[in-house]
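Start from the sequences, fold in the hints, and give me the full structure.
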Amino acid sequence: MKSTGIIRKVDELGRIVLPIEMRRTLDIAERDELEIFVENDRIVLQKYEPSCVFCTSSRGLVAFHGKNICKDCLEKLKE
Numbered sequence: 008m009k010s011t012g013i014i015r016k017v018d019e020l021g022r023i024v025l026p027i028e029m030r031r032t033l034d035i036a037e038r039d040e041l042e043i044f045v046e047n048d049r050i051v052l053q054k055y056e057p058s059c060v061f062c063t064s065s066r067g068l069v070a071f072h073g074k075n076i077c078k079d080c081l082e083k084l085k086e
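Numbered per the numbering used here, the sequence shown finishes at 86, counting up by one with no gaps.
Among the hints, erroneous ones may be present.
To be verified - Straight line, CA to CA, 27 Å or less: simulated DSS-like cross-link-like pairs of lysine-lysine:
| no. | residue 1 | residue 2 |
| --- | --- | --- |
| 1 | K54 | K9 |
| 2 | K78 | K54 |
| 3 | K54 | K74 |
| 4 | K54 | K16 |
| 5 | K85 | K74 |
Unchecked claim - Computed Cβ-Cβ distance ranges for the label pairs, DEER-style:
| no. | residue 1 | residue 2 | range |
| --- | --- | --- | --- |
| 6 | I23 | K83 | 17 to 27 Å |
| 7 | F61 | I27 | 10 to 20 Å |
| 8 | E19 | D39 | 18 to 28 Å |
| 9 | K9 | V45 | 16 to 26 Å |
| 10 | F71 | L20 | 32 to 42 Å |
| 11 | L20 | E82 | 40 to 50 Å |
| 12 | V45 | R66 | 21 to 31 Å |
In case anyone wonders, no lab produced these hints; they're calculated from the structure.
Because the structure is a prediction, the values reported are computed rather than measured.
No residue lacks a Cβ here, since even glycine has one placed at the ideal position from N, Cα and C.
This is the structure in structure tokens:
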């Protein structure tokens with residue numbers, strides 16, 4: 008993991024601000040969703056990109072009972 012040297016304080020509501028330079032570099036816009044992971048003792052933020060729960064494809068997604076499923080996998084489930 009590469010250090011950026013950027014330090015931010017957590018506010019009273021638990022928020023941090025990501026610097027604009029970092030958001031531009033990582034193509035994170037206002038209202039984009041970030042996924043939060045815990046890896047050992049680290050917090051990892053990643054831009055959320057929905058994908059199929061079965062094959063991880065991000066094309067042709069449909070929501071089924073709160074889960075994303077691509078049209079190919081949905082057809083396979085019908086068989």
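Verification of the hints:
| no. | hint | verdict |
| --- | --- | --- |
| 1 | K54 to K9 | holds, 17 Å |
| 2 | K78 to K54 | holds, 23 Å |
| 3 | K54 to K74 | holds, 18 Å |
| 4 | K54 to K16 | holds, 21 Å |
| 5 | K85 to K74 | holds, 16 Å |
| 6 | I23 to K83: 17 to 27 Å | violated, 42 Å |
| 7 | F61 to I27: 10 to 20 Å | violated, 37 Å |
| 8 | E19 to D39: 18 to 28 Å | holds, 24 Å |
| 9 | K9 to V45: 16 to 26 Å | holds, 19 Å |
| 10 | F71 to L20: 32 to 42 Å | holds, 34 Å |
| 11 | L20 to E82: 40 to 50 Å | holds, 44 Å |
| 12 | V45 to R66: 21 to 31 Å | holds, 29 Å |
Checked against the numbered hints given earlier, the structure breaks hints 6, 7 and satisfies all the rest.
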